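> Each chain, letter by letter, is given below.
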Amino acid sequence: MKYVHCDNIDWKEFDNESVLLNLSTGYYFRLNQVGTFVWPLINEDHNIGDMVDQVVAKFEVSQRQAKSDIHDFIEQLLTEQLINKA
Amino acid sequence: MLMSLDYPFSAELPFLDFRIRWHANQQILIDILQEQFLYSRVSVRAVVRDNFDFYIDMIADADGDASWNTALQHRFDPTTQCLHLSYLDNAIQVRVNYREKSVRASIMERALAYRAALGNWVLTIPFSELLKLHGIYLMHAACLVKDGTGILFAGRSGVGKTTLAIGLLSLGWQMVSDDEIFLWPRPKLLVYGGPERAKVSWPTWRRFSYYLGEQNRYNGKQIITLEDHFPDQIIDSHSVAALCFVGQSDRVSISPLDPMQSYQQLLSVAFLTSEPALTRQNNDFLYRFSREIPAYRLQTGLDVQALDAQLQKSILP
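Those protein sequence lines, which keep their order, are chains A and B.
Offset between the first sequence (1-based) and my numbering: plus 31.
Offset between the second sequence (1-based) and my numbering: plus 13.
Same shape as in the complex, but just chain B (with noise of 0.2 angstroms):
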């Protein structure tokens, strides 16, 4: 199915201390990944180096259909160590091969118009797929340090994770990221972020202008730097003391689950599709995670200051 092409645009992303070259054969694709695919820390501390390089080719296709199905289809090949990924029913193709340390990756030009999540599917999990060789594991999560104890709130797209982030950062909280992060085991357990940029909507916008600036109303998310706007708080990495999974309701509470509940949880945010022997892996540390990192069911209200008074009496010492 993919087909020999050069590669004429090429990038390169440095992220802790790895490197990520993509070659593209539209400078179009280079542009949308750029915009879209927000990691380019360098590591304060060199522990791993490796490249990986990413193959992207856009193909033509006729007239898109906006009623795809979303799903993600995945098949693992044991004989090549090959894990096939498919999205938006074969208009987007992604071979991710563990033992070249590459991705392929087929994009059909209709499925340009899911612009705002190529960068998640072309080079977000395929990318995490490539660091669980390093037993470094993508979750879905910000996580926010005060006093020197780290957070993560960890929870589905749309629960608040930004909102959240933006409103402790107010009271002074500094962050590591507010949409995902990177977790790494040894040698104690450590974050690293994740996006620098962040994905903005109009109700969080207008609800925090007084730090974000006035902006006239919009539709979708808007990516903004947090670090312009909270230039001393935004952190490379920190030790993690808890983790608070989120949900919405009118006022903030905060209650302990048991290890059996936040395995289930951290089951449910973490990316399971992979190579086995590294999904085997991958559990193991979910499973240990759960057992040594105290875990919370957070529900966040509209009031920030009620929601920074629970976590100080509830989880930070």
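Only chain A is shown next, with the shape it has when bound in the complex (with noise of 0.2 angstroms):
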């Protein structure tokens, strides 16, 4: 499964972190470093074994550990609105 950002969604980055902000409804989202790192890779190029891949490589994390993360992850990203099914 692929998943695309929703339009209507601004990116801020930080120094390793980041906000996401709907600019329909105004609410905003803080991302974690690893969320920070996650979010530009959720388009249609990666699936999620592709983004659990890279966070493996990045981060001291276990495939099992990253997987269950970043769907929950997506999940919340979905439930907000703030991406959609490719």
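FYI, nobody ran anything at the bench for these hints, they're computed from the structure.
Since no wrong hints were added, every one of them can be taken at face value.
DEER-style ranges, computed between Cβ atoms:
1. B:Q94 / A:S99: 38 to 46 angstroms
2. A:V35 / B:K201: 36 to 44 angstroms
3. A:Q85 / B:R199: 36 to 44 angstroms
4. A:T56 / B:A130: 16 to 24 angstroms
5. B:T92 / A:N115: 16 to 24 angstroms
6. B:G185 / A:N115: 54 to 62 angstroms
7. B:P27 / A:Q85: 52 to 60 angstroms
8. B:E240 / A:V35: 48 to 56 angstroms
None of these values were measured; they are calculated from a predicted model.
Positions of the beta carbon are idealized from the N, C-alpha and C atoms, including for glycine.
Make one complex out of these two single chains by using the hints.
Next up, the structure:
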């Protein structure tokens, strides 16, 4: 499964952290270091497996943990209407 | 929902280089809005000229209910390019038309009980939306100036911005505004005031009665013109060198914030409910602001002299 960012989202990046702003609602969401790394990977070129591989290569985390965390992250982003299924 | 009515009562208000015309079907509305909508400064320089129209209908309604939901409801319609705002369970409904640069507001009579907030809901927030078309942003902040250095003091209502402003004025600082400011990013970041008059609570009045004059105890807030009390210290605009997010504490303290912390705080004081492209533009501005302007968390105590000393030590050059 692949996902894409919703059109009405603005992303601002700081040192190792970032903020997503929903331009329609004014709600904003803070991403930690891993979320900030994953957010640009959410596009038609990457599926969840690709994201897990890149997170495992970048951070000290097990494949199993990374898969679980990214799954939860994607679910949250879908719930908040920040991403759509591609 | 909005009826087509004649507008026998009208008024004009110059602000910066903008002309705000408002039209209402009840004199009482004009009176309240003139009392509450405090911007009437004319710009010292010609940068932008534009006209905005506000059409305001007062609608008769049934008996009021004191327990309203005061949350803001909003919806942007991309087809008509209109932002629909509603307050007090639809007792106040406002439509901001970005294309026509006009605002239509419908106010039920029972909402007049909220007269202190009417100006904000019906004029200030819609007006700030139209100013975004010119890249000008409203912020809930005071702006004080010491020795040529302008500092913004941002914070929610009731945190003590007016108290802080009067306290620093009493120590010789200058002031652009004590509550709301308009940020003009180009060509450099400038702050324009804001209300000419301040809403002062009784404890603040009592504390600064030496400057404000003797007054009997009162509830709520009284509106005063600070220029009457500090005639040489109120200025139209100034550049910004620092930003403080104000909180209350027993003693004064100042600690620096990193850009991410500053940006998050800015999001909390900005009005981001808007046409999406304007919200993106507004967000770009806040992002830039958070990276370029040093920000601090300021805990204000009751000791104005200590506050002045801390600001001079930690922020002023």
